[in-house]
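S.K.: Under the working numbering, the first residue of the sequence shown carries the number 1, and numbering increases by one thereafter.
Worth flagging that the hints you see were computed from the coordinates, not collected in a lab. Careful, some of the hints might be misleading.
Pair ranges (Cβ atoms, derived) [stated by the list, open to error]:
id: 1; residue 1: Pro166; residue 2: Thr36; range: 25 to 35 Å
id: 2; residue 1: Phe133; residue 2: Ala185; range: 20 to 30 Å
id: 3; residue 1: Lys142; residue 2: Met173; range: 46 to 56 Å
id: 4; residue 1: Glu134; residue 2: Gln197; range: 22 to 32 Å
Computed from a predicted model, the values in this text were never measured in an experiment. The beta carbon of each residue, even a glycine, is placed where N, CA and C say it ideally should be.
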Amino acid sequence: MPLSGIARLPPQMEGKIIMGRLAADLGHALFEVLETGNSALATEVVHDEFHNREAAVSPPACRIAGPAGVLASSAWMRSAFSDLRLPVDQIICSDSQVWVKLRMQGRHTGAFVLFKGEDVDQVVPPSGREIDFEQIHVLDLKDGKVIRHEAVRDDVTMLGQLGVFPPGPAAAMRMVTWRATGRAARAAADVRARAAQAAAVLRHGITA
1 MPLSGIARLP PQMEGKIIMG RLAADLGHAL FEVLETGNSA LATEVVHDEF
51 HNREAAVSPP ACRIAGPAGV LASSAWMRSA FSDLRLPVDQ IICSDSQVWV
101 KLRMQGRHTG AFVLFKGEDV DQVVPPSGRE IDFEQIHVLD LKDGKVIRHE
151 AVRDDVTMLG QLGVFPPGPA AAMRMVTWRA TGRAARAAAD VRARAAQAAA
201 VLRHGITA
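Sequences and hints are given; from them, build the entire structure.
M.R.: Laid out in structure tokens, this is it:
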């Protein structure tokens, strides 16, 4: 939920209030940013030194520190999954950390592109299938914002729902065809560009 209605406390008090409602709100707000790409909310809840430990398989822009990297991650996920939803099932808070149990839901209508460093590792062509699987996220907090993220995700279940693990004949043929025709390379370039464009929004002073 947006935090704009919450009064900002003096810096010396923020660490104390974080243990209560603010910590839970930060957890909800971060995943709202990922669902929507709301750049104004991203700057409000994401620390400038934010680091996403899970960004290794994402486009390079997702590894940028701070809110820009989170906006890039949002663009990456939304390019693959329309109607992306991250409903929260449970939140556990401490004074410096939030544990979030949620589900990732959506329809696979765009290419799902996985990276390895700067290079494209795998392109999963759109299948039209629904995904719905559980994730657990750990958020570290500092100065009233989220500064670090790591996750335990059931990616095997997701890939199974997409029909690529174990690889079925139809899914394997689509992937081979996409590579042979150049569609995989074009899709990867488009996803890379979308993520970079989302990250650049903050540098140009635009918020949404």
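S.K.: Each hint should be assessed against the structure and marked as holding or not.
M.R.: Each hint, compared with the structure:
At about 34 Å, the beta-carbon gap between Pro166 and Thr36 stays in the expected band of 25 to 35 Å. A beta carbon spacing of about 28 Å between Phe133 and Ala185 agrees with the range 20 to 30 Å that was offered as a hint. At roughly 48 Å, the beta carbons of Lys142 and Met173 sit within the given window of 46 to 56 Å. The hinted range of 22 to 32 Å is satisfied by Glu134 and Gln197, whose Cβ atoms lie roughly 31 Å apart.
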